[in-house]
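Colleague: These protein sequence lines are chains A and B, in that order. Using my numbering, the letters of the first sequence correspond one by one to residues -15 to 518. Using my numbering, the letters of the second sequence correspond one by one to residues 100 to 455.
Derived from the structure by calculation, the hints contain no laboratory data. Treat the hints loosely; a few may be bogus.
[Unchecked claim] Taking lysine-lysine pairs in the BS3-like style, the calculated list, with each CA pair at most 27 angstroms apart, reads:
no.: 1; chain 1: B; residue 1: Lys217; chain 2: B; residue 2: Lys228
no.: 2; chain 1: A; residue 1: Lys271; chain 2: B; residue 2: Lys336
no.: 3; chain 1: B; residue 1: Lys352; chain 2: A; residue 2: Lys384
no.: 4; chain 1: A; residue 1: Lys254; chain 2: A; residue 2: Lys500
no.: 5; chain 1: A; residue 1: Lys393; chain 2: A; residue 2: Lys427
no.: 6; chain 1: A; residue 1: Lys427; chain 2: B; residue 2: Lys352
no.: 7; chain 1: A; residue 1: Lys275; chain 2: B; residue 2: Lys336
no.: 8; chain 1: A; residue 1: Lys506; chain 2: A; residue 2: Lys180
no.: 9; chain 1: A; residue 1: Lys384; chain 2: A; residue 2: Lys457
no.: 10; chain 1: A; residue 1: Lys254; chain 2: A; residue 2: Lys451
no.: 11; chain 1: A; residue 1: Lys254; chain 2: A; residue 2: Lys427
no.: 12; chain 1: A; residue 1: Lys180; chain 2: A; residue 2: Lys68
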Amino acid sequence: MNNPILTVRHLSVTFNHLNTVVDDISFDIHAGETFALVGESGSGKSMTALSVLRLLPNNARLSADTINLQSDDLLKHSEYDLCKIRGRRIGFIFQDPMSSLNPVMTIGSQIEEVIKLHFDLSRDALKQRVLELLQQVEIPDPQQRIKDYPHQLSGGQRQRVMIAIALAGQPDLLIADEPTTSLDVTIQAQILALLKAIQQQTGMALWLISHDLALVSTMADRVAVMQRGKIVETGLTAEFFSQPKHPYTRKLLNALPLMQSCLTHTAEEKPPLLQVSDFYCHYPIRKGIFKRIVDYVRAVDGVSFNIQHGKTLALVGESGCGKTTLGKSLLNLIPGSGRVVINGVELNALTGEALRQQRANIQIVFQDPFSSMNPRMLVGDIIAEGIRALHPHISLDERKARVRQLLQKVDLPEDSALRYPHEFSGGQRQRICIARALAVDPKLIVCDEPTSALDVSVQAQIIQLLKTLQREKGVSYLFITHDLAVVAEIADDVAVMYQGKIIEQGGVAEVLTQPKHAYTQKLLAAVPVLKMDH
Amino acid sequence: MEWSYPRLEFGGRHLNNPETEKIPDILQKSGYGLAQGLGLTGALMLLWYMVRQTHFERLNFIVRPELIAQGQVVPEARHGEQLSPSTKAVWIVLFIIVPLATALVHLSGYYHVFGTDKVGEDVFYQAIKSIRTGLVIGTLTTLIMLPMAIVFGILAGFFRGWVDDVIQYIYTTLNSIPSVLLIAASILMVQVYMANHEAAFTSVIVRADMRLLFLCMILGVTSWTGLCRLLRAETLKLREMEYVQAAQALGVKQGAILLRHILPNVMHIVLISVVLDFSSLVLAEAVLSYINIGVDPTTYSWGNMINGARLEMAREPIVWWSLSAAFVFMFALVLAANLFADVVQDAFDPRRSGNE
Chain A
-15 MNNPILTVRH LSVTFNHLNT VVDDISFDIH AGETFALVGE SGSGKSMTAL
35 SVLRLLPNNA RLSADTINLQ SDDLLKHSEY DLCKIRGRRI GFIFQDPMSS
85 LNPVMTIGSQ IEEVIKLHFD LSRDALKQRV LELLQQVEIP DPQQRIKDYP
135 HQLSGGQRQR VMIAIALAGQ PDLLIADEPT TSLDVTIQAQ ILALLKAIQQ
185 QTGMALWLIS HDLALVSTMA DRVAVMQRGK IVETGLTAEF FSQPKHPYTR
235 KLLNALPLMQ SCLTHTAEEK PPLLQVSDFY CHYPIRKGIF KRIVDYVRAV
285 DGVSFNIQHG KTLALVGESG CGKTTLGKSL LNLIPGSGRV VINGVELNAL
335 TGEALRQQRA NIQIVFQDPF SSMNPRMLVG DIIAEGIRAL HPHISLDERK
385 ARVRQLLQKV DLPEDSALRY PHEFSGGQRQ RICIARALAV DPKLIVCDEP
435 TSALDVSVQA QIIQLLKTLQ REKGVSYLFI THDLAVVAEI ADDVAVMYQG
485 KIIEQGGVAE VLTQPKHAYT QKLLAAVPVL KMDH
Chain B
100 MEWSYPRLEF GGRHLNNPET EKIPDILQKS GYGLAQGLGL TGALMLLWYM
150 VRQTHFERLN FIVRPELIAQ GQVVPEARHG EQLSPSTKAV WIVLFIIVPL
200 ATALVHLSGY YHVFGTDKVG EDVFYQAIKS IRTGLVIGTL TTLIMLPMAI
250 VFGILAGFFR GWVDDVIQYI YTTLNSIPSV LLIAASILMV QVYMANHEAA
300 FTSVIVRADM RLLFLCMILG VTSWTGLCRL LRAETLKLRE MEYVQAAQAL
350 GVKQGAILLR HILPNVMHIV LISVVLDFSS LVLAEAVLSY INIGVDPTTY
400 SWGNMINGAR LEMAREPIVW WSLSAAFVFM FALVLAANLF ADVVQDAFDP
450 RRSGNE
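Could you put together the complete structure from these sequences and hints?
Modeller: The structure is reproduced here in structure tokens:
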């Protein structure tokens, strides 16, 4: 283990001469090992990786004593020489496979392009090499797939192609920047297994950048934690997770939602608040000049469930299974058909003004805290909007008082009302969205992945806030998520959705500990669990 | 006695010996004008400074007892003495523009600053008069086009369905008619109309104004499609935004959603394309006048100036000043409009103005 492949000493990155994002960090990566750099968003972990390759934005300044790749001093290389190192000796996998591939080139030619840059091969040898790489990343039918365009592949397959491109130069070090963040759990597990397998085959070092501690605990040999540009703790994985030394590391580990917490939920029966039966959401596929309906996309296909007063039903499923469509069509944002009864009122019989009046019963909190508020409205106006629309008789002063109250409830300072949304962090914005939903005293809030865009510690706070509000106000949640650990933390009941249908539902402890359906079992098996030696 | 042209009235007629006296006289007069301008601006600045000073003193006087009671110094007043960058910019611009303007005004009492055109009219006067025509065409046309573009664009994007279909058909149809042809036809129409109703259009000025107004209208009716298309696309994107859906879930009425959530968030597009359109309308006027379907030939406009200078360009020595004057003025107006729009856009964007 004593031959570091990458040595970094006293690396700092400063933006515009005042904003230090990477602050004097040093680390080694040894040949053949998996080194994980963990941190929350904005901690500077991606910047560290980019600065090793000198791919920083123009307004960034880099300073370091040494950045050595094996015995090569990368700092002494010119840009021209670095181009030969990038992709050849250091491979790079980016986070988002959707935007990292060129949509107008076939995947074969994109892989070829990289090989041609670094090796001088004949046409046949080139094609052979591309096929080899596609086989290596386990893409089925590489002969056919080589001519496919990125949009013809699924997210997981695209990430495999990205890995193939990174491997094309046969690098000694592979940097994977959040390689699985935008993928579903089951696919994430596959991709990670693939990375492990390739690492064993080729003996390259893997530098994994991630925010997911559970994932890191299963993958890495050594871990470093970054906080605000500094590495606060480094250690072997086993030691690191059993005896975390730094308080920040301990805070991170404590914030992780645990699967075991589902066992503590009590299962007392309450009267049902929302009853949904036989709910469909079909989009017509139209073809030809007369727009004849040839088929339907069955986004939600005959779903029935109940939510009890003051309880949380978690709707779990992978992307594209129709869970968000279901949530939105319950609010009549997307047309759907079927019986929806909330609080004794049948919603789908209503239209126009009558429907508008019933909207107070059911509200929604969206996934992305950045696009869910009008950037040109003050936070106070955003929260007061629902009151204005549904209770026009409430006077201005009362409304202002009510906004102050709501802000207090979600733990935001009172003066937030006079600020714009962009002045707040992601977690704070999500609090504002919760306050907006609460403003009209709903019985049910549909939470559409409210925590998946947030860091772990913030995620824990938001979940805590949601639980507190439930205790105080008796509001019910339909909690849509793909994260089973969060489900365990917050839900009373779980419904698992797969291709538009609910395939399993029941109490949270029951479903998570004794899953009956094969899909649920697969889903649970794929969740990376924190390996801790107790 | 040798026959000669009468001397131009403002061609340095006051000089006895123009050959030798001309250049020193111009220098002296422009120096005098510059000094006048500088003095004027200086006086203005002094006045402004004094008003500000007394204002601050009064402020301090009122505020001070409380501040002393709290044991605070008065950092606000000291801070106020420093000029903000925008104030500085205003004064710098004034110090450049005002002396230049006074120098020009002073000189034009004795000389044709930008020369004369083929019938001896002052080019400087023409160019300045043309600003009015340019502005009228730019603003009036924009005023006609803007409501159509905004209303149709947002409605098409927000409601989709048959509303969208109808509006799309209208603007694709309108777009596929060559606009120069349409404008030429309408201008001819209005000329025929005026010829048939001579009683109503007695003077040349009334005719010219009528033609200008009609030109604005026809330009407005043909030029809203581009902006409308942009707004439709943006609205299609915005209506899927989560804050619009949240507003729907909160039971906000559709009219209110359009006004409160959609309209403010497309304003940046409106602003940019209005200014671009304004510029292109000023330029379009020049082009249209050049082919004689623009404003009335008697109206002062840059297009007419360029049209008039067309033949002069072929002369030897070349007569370039008429064309360049029109060009410089047009350029300055369009550039100013563009810069202004950029700044206004920044000022109205809460995300940017918050950073300063």
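Colleague: The structure should be examined with respect to each hint, and the outcome stated for every one.
Modeller: Each hint tested on the structure:
no. : hint                : in the structure
1   : B:Lys217 x B:Lys228 : holds (18 angstroms)
2   : A:Lys271 x B:Lys336 : holds (24 angstroms)
3   : B:Lys352 x A:Lys384 : holds (21 angstroms)
4   : A:Lys254 x A:Lys500 : holds (25 angstroms)
5   : A:Lys393 x A:Lys427 : holds (17 angstroms)
6   : A:Lys427 x B:Lys352 : holds (21 angstroms)
7   : A:Lys275 x B:Lys336 : holds (23 angstroms)
8   : A:Lys506 x A:Lys180 : holds (20 angstroms)
9   : A:Lys384 x A:Lys457 : holds (20 angstroms)
10  : A:Lys254 x A:Lys451 : holds (17 angstroms)
11  : A:Lys254 x A:Lys427 : holds (14 angstroms)
12  : A:Lys180 x A:Lys68  : holds (26 angstroms)
Going through the hint list in order, the structure satisfies each hint without exception.
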